[in-house]
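Given these sequences and hints, build the entire structure.
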Amino acid sequence: MIQFGLYITDRSTGEVREVVANSWINESFPSWSPDGNTIIYERWDGDSYGIYTVKPDGSENKLLLDSGANECHPHWR
Amino acid sequence: MKWMIFVFLFLFAGCFNPDDPAVSNAKNIQLQFMKQAGIDVASASCRVSAEDMDTLTADLTVSSTMISGQVPDVPYGDNRLFEIHCYNSDGVLNYYGSTIANINRSAPVINITLYPQEQYADVTIIGNFSTGEGTEEKIVSPADYSGTHNIYIMDTDGTNIRRLTDSDYDDRRPQLSPDRTKVTFYRNTHPDHIAYILDLETRELELLPLTEYTPSCISWHPDGNSLVFHSAYYGYCDVFNYDLQTHTVTTLIRNDTTIWVPVYSPDGNFLLYYTKVNNEFRAYIANADGTDPQLLNPGDTRTNVFPVCLRRYEPGALLGKVLQ
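So the protein sequences, as listed, match chains A and B.
In this text, residue positions in the first sequence follow the working numbering: the first is 537, and each later residue adds one.
In this text, residue positions in the second sequence follow the working numbering: the first is 26, and each later residue adds one.
Fair warning: there could be bad hints in the mix.
As the list claims (entries may be wrong) - Chain A stretches covered by chain B per the calculated footprint, using a threshold of three residues with CB under 8 Å from any CB of chain B:
1) 542-552
2) 568-576
3) 601-610
No wet-lab data here; the hints were simulated from the structure.
By construction, the Cβ of each residue, glycine as well, lies at the ideal position given by its N, Cα and C atoms.
The structure is reproduced here in structure tokens:
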């Protein structure tokens, strides 16, 4: 399975920093919370899609919604 | 390049306005209380159903801030989506909502909490209540509880899930408008893609005249007056802008490459997207009119996709997905 992770690029320095990147998991379709303190994203674990949130420093990576109904493409505004 | 660095430093330091203007659309709704034993109460009834159970009815308690109740003796099941229909006394559907609940032996009930949105059942609510749309942050997401992907809206903690669309086709890539009162998305009817704007207040769908473009991944300009989307109509995925006031389509990028998932920066000055050229995926940032594209991570040869621009947190940050 292709593996994707979430990264932050600092345009002022060119630094690319990992936020979350798990083996055998695809993290994609990221969206910032309006205050910029949380990232919401779609997670594919090889079986179903779910929605997770994580802090920009990679902490507090946690499940928001994963009922088996393939929740995906989250947008937070 | 020095000029670009200056531009970005300047933009992120001072020109981005991270605070979307809060739009107040609180409603004045009247509640006619029934007096019972000196206490102001009102009642409503609802029907609760799921795909694998018979419809159950329940009485709900109505207060000035919420409508709540329990439906007992529900068949067991994890993460089941229950649909809730509230009716007026004349039988007219007044509220449609949904909730996900785990029903097990220790909790064999559905706990229902509804917040006043319009009018519930046969009561009229007095007070200033927000509909939640336009004033509070929300999350929208497609999910296939019903066999196809429909659009749902929820609070930012994943609760208070409500269904927004009901289609036999897949509804994809919902995006809340900058004022949070509308959602744009596209419906994949195989092979056509049909673009819509859903008004969260009226629940009315506006069909956008973009079907000939096979629109995908539609998102809003931060001023709310136009949309950007990519199109596969010409064999390659090109990028277009649709002006919601003049109803005109403008080509932003067409260069015989495959360009996907365009989004504007929060100030509307830049366009972010990614391309596929010779099976390599690269993220770009360009001017809002599509000119002067720059590689987002010029030194990174990995797959770079789905760039989105930060509203706030740290200067200069962009978020994207990179193939490990």
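Against the structure, the hints come out as follows:
no.: 1; hint: 542-552; in the structure: holds (count 10)
no.: 2; hint: 568-576; in the structure: holds (count 8)
no.: 3; hint: 601-610; in the structure: holds (count 9)
Of the numbered hints given earlier, the model fails none.
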